[in-house]
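Undergrad: The chain contents come next:
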Amino acid sequence: AQTVTQSQPEMSVQEAETVTLSCTYDTSESDYYLFWYKQPPSRQMILVIRQEAYKQQNATENRFSVNFQKAAKSFSLKISDSQLGDAAMYFCAYTGQGAQKLVFGQGTRLTINP
Amino acid sequence: DTGVSQDPRHKITKRGQNVTFRCDPISEHNRLYWYRQTLGQGPEFLTYFQNEAQLEKSRLLSDRFSAERPKGSFSTLEIQRTEQGDSAMYLCASSLSTGGPSGQFFGPGTRLTVL
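If you read the protein sequences in the order shown, they are chains A and B. Using this note's numbering, you'd call the opening residue of the first sequence number 1 and step up by one each time. Using this note's numbering, you'd call the opening residue of the second sequence number 115 and step up by one each time.
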């Protein structure tokens with residue numbers, strides 16, 4: 001079974017600085033998809049960024065980018081120029097090629113210090 | 115707004131009662147998913163539908179849980195004889211099955227408290 005591990009329960013960063021959230025996963029599949037979701041306090045889950053495993057190029061979405069290391073099964077999220085609105089729980093998630101259920105990590109709570 | 119909606123947003127019930135939750139997906143999405151999230155944890159998959167067919171159920175989905183999507187549009191999740199351990203946030207998500215996974219889009223969730 002696939003597993004996703006986020007080893008940082010909490011992270012904090014100063015506003016305008018850069019922070020990297022870690023995620024590792026375990027799978028025997030060669031084709032799959034990885035996601036980062038953001039869940040602000042008492043608000044719904046929002047898709048931040050996604051990465052197809054067959055693409056070597058790292059995905060970017062404005063201030064959000066990933067470092068995808070397929071051999072190491074690592075998928076970290078970098079947030080540049082952190083803003084107060086970035087404060088949230090961040091979840092790393094995996095789905096297989098059939099694009100069915102998502103397997104989530106335990107989450108990382110990100111605090112932005114003004 | 116045409117996002118995923120869930121009703122009710124909050125439900126408090128006594129142990130042993132039955133509860134039913136509703137999810138309305140994004141209209142063009144043919145896949146619908148149910149997840150359960152306990153405090154401080156990531157969501158756990160419960161079940162999913164493609165159109166009206168229920169294609170996978172997690173072992174977490176005991177016999178007390180049943181889900182339906184009768185016309186391939188909205189879905190209901192029913193919990194019979196609720197237990198305190200059922201207290202959680204129940205999340206619904208929807209997606210397209212074609213064109214690669216663009217990601218699942220989540221609703222605001224239904225928070226269940228079993229007293």
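One or more hints might be untrue.
Residues from chain B that keep clear of chain A, each with C-beta distances beyond 12 Å, as calculated [claimed, not checked]:
(1) K125
(2) K128
(3) Q164
Okay, the calculated bits of chain B under chain A, using three or more residues with CB under 8 Å as the criterion [unchecked claim]:
(4) 148-159
(5) 218-228
Cβ pair distances, simulated, as ranges [as the list claims (entries may be wrong)]:
(6) B:Q198 / A:T60: 39 to 49 Å
(7) A:T111 / B:G186: 36 to 46 Å
(8) B:N132 / A:K70: 38 to 48 Å
It should be emphasised that the hints constitute simulated quantities derived from the structure, not laboratory data. Glycine included, each C-beta is placed from N, C-alpha and C at the ideal position.
Undergrad: Under the constraints set out in the numbered hints, which ones does this structure not fulfil?
TA: 3
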